[in-house]
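Read top to bottom, the protein sequences are chains R and Z.
Quick note on the working numbering: the first sequence kicks off at 1172 and runs consecutively.
Quick note on the working numbering: the second sequence kicks off at 14 and runs consecutively.
Source of the hints: derived by calculation from the structure; they are not laboratory data.
Even for Gly, the Cβ is constructed at its ideal location relative to N, Cα and C.
A few of these clues could be false.
[Claimed, not checked] Short derived list, chain Z residues pointing at chain R, Cβ under 8 Å:
(1) Ile509
(2) Gln513
(3) Trp687
(4) Phe689
(5) Ser692
(6) Val694
(7) Leu742
(8) Met744
(9) Arg833
(10) Cys871
(11) Leu874
(12) Tyr896
(13) Asn900
(14) Phe908
(15) Phe911
(16) Val914
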Amino acid sequence: MADFVLTTRAPLIAGNKTPADVTRDICHSLEGRPTPLWWGSFLFAASLLLLGTLAVSYEIATGIGTWGVNRTVGWAVGITSFVFWIGIGHAGTLISAILFLLRQRWRTSVNRSAEAMTIFAVICAGIFPVIHLGRPWMAYWLFPYPNTRGSLWVNFRSPLVWDAFAISTYFTISLVFWLLGLIPDLATVRDRLRGGFRQRLASVMSLGWNGSFRTWHRYESVYLMLAGLATPLVLSVHTIVSWDFATGVIPGWHATIFPPYFVAGAIFSGVAMVLTLVIVARKTMHLEDYITLRHIDVMCKLLLLTSGIVGIAYVTEFFNALYSTNPYEEFAFLNRAFGPLGWAYAIMVSCNVLIPQLLWFRKVRRTLWIVFPISILINVGMWFERFVIIVTSLQRDFLPSSWAGYRPTPIELSMLLGSFGLFFTLFLLFCRLLPVVAMAEVKGVLHVGREPRGPDPERVMVGSSAQGRGMDAAGIREGGPE
Amino acid sequence: MGSEKPSRYWKSWEEGPGATGLVQISTSEFPEPLDRPAEQFNRRSFLKAAGFAAAVAAAGAGCSRAPVEKAIPYLIQPEEIVPGVSYFYASTCGGCATGCGVLVKNLDGRPIKLEGNPEHPLSRGGLCAVGQASLLALYDSQRLKAPQAKGRIASWQEVDEQIAAQLASIRTSGGAVRVLSGTISSPTLNAEIQKFLLQFRDARHVVYDGLSSSAILDAHQQTHGERLLPHYRFNRATVIVSFDADFLGTWISPVEFSRDFADGRRIDSRSPQMSYHAQLESRMSLTGSKADRRISVEPHELGEIMLRIGARLAQLAGSAFPIAARTQDNSYDTVIEDLARRLWESRGRSLVVCGSQDVRLQILGNFINDLLGNYGATLDIERPSQQRQGNDANLQSLLDDLDKGNVAALFLHGVNPAYDLPGGQALVQAIERTPLVVSFAERLDETSALAHFICPDHHPLESWSDAEPVRGTLGIFQPAIHPLGKTRPVLESLAIWRGQPRPAYDILRDHWRGSVFPQQTIEPDFQTFWDRSVEAGYSEIRLKTSKPPRFQAASLKPFSQSSPAAGELSLVLYPKISMLDGRHAENPWLQELPDPISKVTWDNYACLSPGTAQRLGLREGDVVRLEVDIDAVHSPPLELPVFIQPGQHDQVIAVALGYGRKSTERFANAGPKWLFGGSDVDEDGRIGKNTAPMLALVGGSLQYIRDNVRLSKIGKRHALASTQTHHSLTMPRELPIVGGEHRDIVRETTIAALLAGEKKTVPVSPATNGLWPADHRYTGHRWAMAIDLTACTGCSGCVIACQAENNIPVVGKDEVLRHREMHWMRIDRYYTGEQDVDVVYQPMLCQQCDNAPCETVCPVLATVHSAEGLNQQIYNRCVGTRYCANNCPYKTRRFNWFDYVRNDRLQNLVLNPDVTVRSRGVMEKCSFCVQRIEVARIESNRVGKPIADGQIQTACQQSCPSQAIVFGDLNDPNSRVAQMARDPRRFGVLEEFNFRPAVNYLTVVRNRDSHEENSKVNQNNG
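Taking the hints into account, I'd like the entire structure generated from these sequences.
Following this line, the structure appears as structure tokens:
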């Protein structure tokens, strides 16, 4: 695959970098002291995390009554945030696994941070199903483990059990995939550092990487296999999450359209979140050469595609409800759009379907100050999509006698903020501790060596051979600053 | 195959070929085999297990030491107390003066539930919400535990000596002694009071009722020459016309009347027949909501309409009618003609009741009933009711005496005049000026706080007493528990002060021996008579009948009622079904019971009709100030939130009595307290506002209707804790609905349609053949319920019965505002129609679906289906995902959002030991009273007889005054529930989704000619 030469398109990495430049640029942010901007962001994120931790502790100590949920609306912000974070977590695997299999080489600049984002988002997501339980200390009962309670087992008919399996599987695979991808880069970090905790950590985590052909060969095979394994998970996880609703009898939940609809939505929100993060990262960490406008442009196109799918799903839902002649279904959807939470529906449609239409324009796709707010609005819209699906369906279901409203409490909102705090705290730590761009992979798509008029004939040779990667590591060792 | 089956010999038909699952007594606990595989326990597994056990035992023994607690068993088992086995004592309900029969369920030595006594001739097994909840008052830790003298706790000896000394001086000085009480139907207590009063020269027993029916008694004084309250017999009436009498809700004897009313309206679908009931009223009452024809009138129009019906009937009877109708207004002509015709056609089988406190209207009612020959048929004055004896004229003269300082000693029993009379501060001062005030109150209330001595009476469940609610029908109160405090029955207190101290039991027995026993002819021996009466809880004696008094036509005099100008508002003060006159305001069960009509808990409010609210620009929850001029004196204004009540007359503001009691300050901590939790009480620390200052005691009767009310908006808002915020089955109009959707959740029809053999309006056939084989075969029992919506009056007795039976917590106002009430049984109430609304009630509880949506979604199998059709909730397996509640189409599941307040250890004695108290974080719901099923099963196994139909009664069913609820085995084709399930009127809620609910509802039937009749008539009236 290294013979694949980009001739007709602009280079993926700007600035005519050499592999040594790549190493220097990426490792630069790890080796210096944190900037005041980093400290400021970290403290802000950590205080949100603290707020969330306090809220969760209070909730677990006192009861779910500290939330705004009630006898009619049993799920609200908690499960909304769960589905939201799981959705965010989708882009990582999509970019690292599916795009890898599809040979989309532009992924190399963003796949590391996308995968990190996946891991952190799944961590955030995984917290909510536990803390939303009435008795969170019994959460392990959702797993089928051998027990002494006779033939007592979990209920394999319940989608919540599948959820527990799907999410834990997804988290495991994503984590392994990410750690595996980190190995060559960690070896580079290990070799650049002189002692200290971080060097020891990098040395343990790089698993004795020596850059030999054999190591590279094994690494690439495993990476390919894991990518193959992770690919179905992109589809399965959110499909199963959608079954939490689709297997219910509640009008507005009970729909066969949910799995594709949810998967598309998940990718949509995940890519939007990746965009948000890389736009910030490229600016603050000076990665403009690695994450170019072309990357942004490609991801915007992905957004446009998924936004279209989501939009079609919204229309289809309405059509199905009205076509069903089931009065409860009809009402559920009219109530969704025009009922007491119609404003949430309006936010959802405008953020998820209307605003992304701007991305049809190449100019918009390449204007960061427009793309950035769009990416944030899409995530707002996607959070509200889940909120609308969950709350508006529950609040007015079959018997009008039981209809109720829902208003979140400060505890619930603090937990939502806390989950963002956790996410950004982890992400900021990641930016400080690990290379945010997959150096080894970026080196594989460098322009260097792909054209005969390279500045350094030695490097041309390095870039054009199949074993090029193996020698990259060596090249870095030679060319790296001492 | 070759294996030979040994032939089986059978000894009887039932055991052999006749054996079915029903007659066979199941000997095993689980009728279906547990799907546990035969365990292979081989040597290896044994060694594994043994090794593991040894290791754990070694580790465990090293780590912890269980504390040594020595339990000492009874050496000699106390008689009647078998742990876990309940006993029932027949007694009488002390919740109000109605005197319904109860069975007190005693478990482990304490009463834990009141059930209606099915043998009792009046209540016949029903018990209302107040009666059910009166049990909780027994365990009220704020009940007085000892007598008080001048505000401090004293000993009985101290109190007795001081009272005796003061009484002695009154005896010599000849001062006036007054006993002020509520209606006392106890013949023994009445006799004892008379004996006590005989010692004094100027002594009188004054009776008043917070919910007065004094005008009915006064009217009979004039028309029949005897101050009596007829015993109304609704079951004998085929046409019932009620003028503002809420006889199914709060009027005189609602449990008995509900049963009678329902009995007259039980529909046999083959030959449908039911009584006709018209209600003319200004507010929406429970009774009005069940009427076949409800006419909403301005309160002052009642007299006019009554007059014209009377005149029309007199015309039909060809007799003279002395009063001319005042106006030529013909707006009610069709109504009057129709009602008069119906009444006339059912002469002797009709009944006109009137709830007005205007004696002239009551006289008119008596005239109409007499004209129709209803006396002796549907009104019994030979054996009159004694459930309301209040005499407001006497009350008025007592208040005057008090005011003038003419009373030397005042004894208060069962009344709270400082709270529920309009006198206000003047009355309080008058009571304070009285030299000796003795209260028998069980609690420190507004009046007993003024008393010099409080001599607390026993709770009715602790005392011996009797009641004679209807002459000739006597009930016995027998104690079900040793008194919890140092209280003393009034009977004993009076006897001591009379100088003849004797135990209450002896006083009661002697009175029965002397006065009751001689009147009966069945038992020759007093001891047998007594034992029988105590065992049954009641006794019916055949009175030597004298000729009942006759109607005296001369009493009917002309009168005119001034009606206020159009647009002017009248204030109607009404009793709520839970609060009545406020006597049980400290009962949290009743405070949290949703009003059947408004569905609001924990508050009273100003009900306005939708039209008036719109005209005045008021929304629900806006606080308004109400002002009435009383005797030209500016009354204290009343600030209340607005509640919009469909069906109410436009010129009426209706406000409930019984709120704003001082004792409700205790509810500040009724619900869970947390960081962002709201208050459970109002700003003044109480629940609701006291409306008694708005009452008027004029013309010798307490008036509940006030004219010329000024209403002003004060710009504040007050949230009403309602358990139901949507009131119609027609979808909200602000949503553009395709086809104007009306949900088929409750079905209604008319008798005419039934007679015409009309098929169900919406034929819905649930899918009968599923794709998969049925999960359960129901080889043994299959529990199911049937609820006749025609019979259900919405009285909510079942709600409290369920709460008492199943240890359902009280959550407080703030939690209800957050839609987190915990009732397992609720009454859904829907309005139909636009201007003049019809009301339907639907008791809603877990439907125990065969295809239960909750069961499939629980990840930990905490809700599973039993082999007998029960949907079981396993509390200790539940982790609290709440998915089941979300997925329940009926929203009958309740979640424990907090650990609810249970820190009152005395109050915890009311908990039913047979039912788990649920902890925080688990789901709960109606279990079909599985504990009662199990008791019956154990009993059936013990005696070796199958469970008979009707042997198991759920708590809601047991309590239902109108017997709307039937529980039983659907597999037994002869069971009542199976019969009802075959009724053509049967429907299941949301059946079209194939949930297969085990609760069968029977369509509401109204006695109408067609569907449209009611709306047409009312449109004519404008």
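Now for the hints, and whether the structure bears them out:
1. Ile509: Nearest chain R Cβ about 51 Å off; hint violated.
2. Gln513: This interface hint is violated because 58 Å lies over the 8 Å limit.
3. Trp687: Hint holds; Trp687(Z) Cβ to chain R Cβ min 5 Å, cut 8 Å.
4. Phe689: 5 Å, holds
5. Ser692: 16 Å, violated
6. Val694: 19 Å, violated
7. Leu742: Nearest chain R Cβ about 6 Å off; hint holds.
8. Met744: Holds: closest Cβ of chain R sits about 6 Å from Met744(Z), inside 8 Å.
9. Arg833: 5 Å, holds
10. Cys871: 6 Å, holds
11. Leu874: At 5 Å from the nearest chain R Cβ, Leu874(Z) passes the 8 Å test, so the hint holds.
12. Tyr896: Since chain R brings a Cβ to about 6 Å from Tyr896(Z), closer than 8 Å, the hint holds.
13. Asn900: 5 Å, holds
14. Phe908: Cβ of Phe908(Z) sits 7 Å from chain R, so the hint holds.
15. Phe911: 4 Å, holds
16. Val914: 12 Å, violated
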